[in-house]
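Protein chains: 2
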Amino acid sequence: MEETKTDDKVMQERLAKIKNKIVVLSGKGGVGKSTFSVNLATALAQEGHRVGLLDADIHGPSIPTMLGLKDVELLSGDGGILPVSLGGLKVMSIGFMLSAQDDPVIWRGPMKMNIIKQFLQDVNWGELDYLVVDCPPGTGDEPLSVFQLIGDVTGAVVVTTPQEVAASDVRKSINFCFRLGMHVLGIVENMSGFVCPHCGKVTDIFRKGGGKIMAEKFKVPFLGAIPIDPAIGSASDDGKPFINSCRGTASSQSFSEIVSEMNKSERIKK
Amino acid sequence: MEETKTDDKVMQERLAKIKNKIVVLSGKGGVGKSTFSVNLATALAQEGHRVGLLDADIHGPSIPTMLGLKDVELLSGDGGILPVSLGGLKVMSIGFMLSAQDDPVIWRGPMKMNIIKQFLQDVNWGELDYLVVDCPPGTGDEPLSVFQLIGDVTGAVVVTTPQEVAASDVRKSINFCFRLGMHVLGIVENMSGFVCPHCGKVTDIFRKGGGKIMAEKFKVPFLGAIPIDPAIGSASDDGKPFINSCRGTASSQSFSEIVSEMNKSERIKK
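The listed protein sequences correspond, in order, to chains A and B. The first sequence begins at 1 in this note's numbering and counts up by one. The second sequence begins at 1 in this note's numbering and counts up by one.
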């Protein structure tokens with residue numbers, strides 16, 4: 001069993017089989033980072049790519065709920081722990097390891113580094129075109145561990161909402177990437193305007209345009225904006241990626257454009 | 001100078017001068033926890049209480065922006081570092097210590113514990129009726145440090161939004177309190193329904209009612225719900241507590257009721 005070879009070499013061998021490692025970041029929580037990660041991974045898998053999705057949010061793993069993967073049991077094989085398969089998508093989250101869904105994970109930093117290492121070293125991801133890593137908000141232990149353990153991150157996608165208080169935290173995330181020498185694939189502005197389903201008029205609940213201004217300021221690509229749509233939250237609660245359940249809406253169209261913008265980067269290996 | 005006596009005794013002496021220590025928690029980010037903390041502290045101060053507000057969010061300190069306290073310089077006196085005064089409110093945040101507002105704080109857990117210790121030990125809070133501590137989302141280093149350092153926390157207020165994905169993380173927060181033996185003063189449901197300013201009709205962008213159901217399930221008080229109001233986000237960006245700038249609205253009325261509900265707890269020392 002590979003699990004006995006718990007050294008950096010095993011991890012390096014596993015990571016070498018993954019063409020593109022994409023880290024999803026945000027300075028602030030609640031900007032829709034996990035929703036973005038789930039839908040990015042789903043969209044790439046539906047295009048026929050082999051995709052892994054790693055939930056690196058140790059305290060608030062929402063990926064299992066968002067993909068309808070409750071009460072899943074992890075299996076272990078000769079090549080290590082098997083990620084949970086969902087169509088063409090392979091998923092791993094600490095949520096699969098908790099005995100009760102509402103159990104809090106009361107861990108300090110070093111423990112979190114260990115579990116993220118395990119996710120990369122002991123999980124049998126196999127050959128992948130993309131690994132999408134959903135990091136918790138902030139610039140602390142988890143994103144730092146992800147960056148240091150992976151080593152050759154293809155790039156980061158930074159998700160923000162339009163208002164200044166969120167944007168200020170997201171600027172920190174971009175500076176975090178710059179300091180570490182992590183490439184920024186681009187910025188996504190989420191919750192950009194709300195279309196009232198009753199009267200059709202738009203209200204900028206969280207103001208608008210902050211993401212684009214930020215991208216220009218930092219000279220990184222602006223990948224696009226996704227409007228607020230109550231169906232997105234409901235889709236997440238129901239365990240369905242909204243790009244499938246809300247097909248044809250403004251939100252899912254913006255999303256497709258964002259994925260194709262990201263794939264235009266010369267950093268992405270085909 | 002007190003700063004040379006950097007031991008637990010100094011901290012205990014400082015904490016003994018604070019009647020009520022209220023910790024604001026949420027399992028998930030972006031639920032409006034900092035907005036709640038700022039307005040809770042402001043509301044208590046306007047009632048004539050002596051109030052301190054400690055921003056324990058090391059990676060994403062938003063309290064300075066929300067109170068319009070940019071470019072503030074910290075001063076040190078015989079009794080330690082002086083918190084920034086704003087009317088009857090005393091405020092401390094790592095945001096006051098960063099050389100540039102967009103600097104990321106790339107710190108692992110132990111460093112975060114140290115700075116929170118400093119905030120309690122080296123800051124001259126003086127006599128206070130309330131210290132409101134705004135914790136970052138999750139159940140990791142920061143809330144754990146706050147709880148362990150303060151020792152006799154009066155209670156926690158847990159902020160959530162109505163949708164299931166957020167609620168699931170908030171249940172973790174409540175279990176976190178139960179495990180540590182921290183009293184739960186109650187649950188607040190934020191972003192509860194959106195009133196379209198054009199047609200007046202309500203859309204439950206993030207569904208509705210999750211906070212109340214959770215409070216019943218865990219047998220903790222439900223303090224109230226605050227509807228979504230675009231003016232709240234704008235007020236925060238402009239550095240003004242919304243209870244002042246949106247006086248008379250449904251949001252600010254719900255807020256007053258929540259504060260008075262919280263103060264009904266027999267844990268609150270008058």
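Since the hints were derived computationally from the structure, they do not count as laboratory data. Fair warning: there could be bad hints in the mix.
Intra- or inter-copy, both count: the list cannot distinguish identical chains.
Stated by the list, open to error - Computed cross-link-like contacts, BS3-like style, restricted to lysine-lysine with a CA-CA straight-line distance of at most 30 angstroms:
#1 Lys70 x Lys219
#2 Lys17 x Lys212
#3 Lys201 x Lys240
#4 Lys217 x Lys117
#5 Lys9 x Lys219
#6 Lys70 x Lys201
#7 Lys70 x Lys264
#8 Lys240 x Lys9
#9 Lys212 x Lys240
#10 Lys70 x Lys269
#11 Lys19 x Lys70
#12 Lys240 x Lys217
Hint check results:
1. Only between protomers do Lys70 and Lys219 lie at most 30 angstroms apart by alpha-carbon distance; the minimum there is 25 angstroms, versus 41 angstroms within a single protomer.
2. In this assembly of identical chains, Lys17 and Lys212 lie within 30 angstroms of each other by CA distance neither inside one copy nor across copies; the values are 34 angstroms within and 47 angstroms between.
3. Taking CA atoms no more than 30 angstroms apart as the test, Lys201 paired with Lys240 passes in both settings, with 27 angstroms inside one copy and 27 angstroms between copies.
4. Proximity of Lys217 and Lys117 under a CA criterion of 30 angstroms is satisfied in neither setting, with 34 angstroms inside one chain copy and 36 angstroms between copies.
5. Proximity of Lys9 and Lys219 under a CA criterion of 30 angstroms is satisfied in neither setting, with 36 angstroms inside one chain copy and 50 angstroms between copies.
6. In this homomeric assembly, Lys70 and Lys201 never come within 30 angstroms of each other (Cα to Cα): the closest approach is 37 angstroms inside a single copy and 35 angstroms across copies.
7. Taking the shortest alpha-carbon separations for Lys70 and Lys264, neither the intra-copy value of 35 angstroms nor the inter-copy value of 38 angstroms comes in at or below 30 angstroms.
8. For a Cα distance limit of 30 angstroms, the shortest separation of Lys240 from Lys9 qualifies neither inside one copy, at 36 angstroms, nor across copies, at 53 angstroms.
9. Taking the shortest Cα distances, Lys212 and Lys240 sit within 30 angstroms of each other both inside one copy (29 angstroms) and across copies (25 angstroms).
10. Within a single copy, Lys70 and Lys269 get their C-alpha atoms no closer than 33 angstroms, and across copies no closer than 43 angstroms, so neither meets the 30 angstroms cut-off.
11. Taking identical chains as interchangeable, the C-alpha atoms of Lys19 and Lys70 lie at most 30 angstroms apart only when both belong to the same chain, with a minimum of 29 angstroms there against 43 angstroms between chains.
12. In the homo-oligomer, the alpha carbons of Lys240 and Lys217 lie at most 30 angstroms apart only across protomers (26 angstroms), although the nearest pairing inside one protomer, at 35 angstroms, exceeds that limit.
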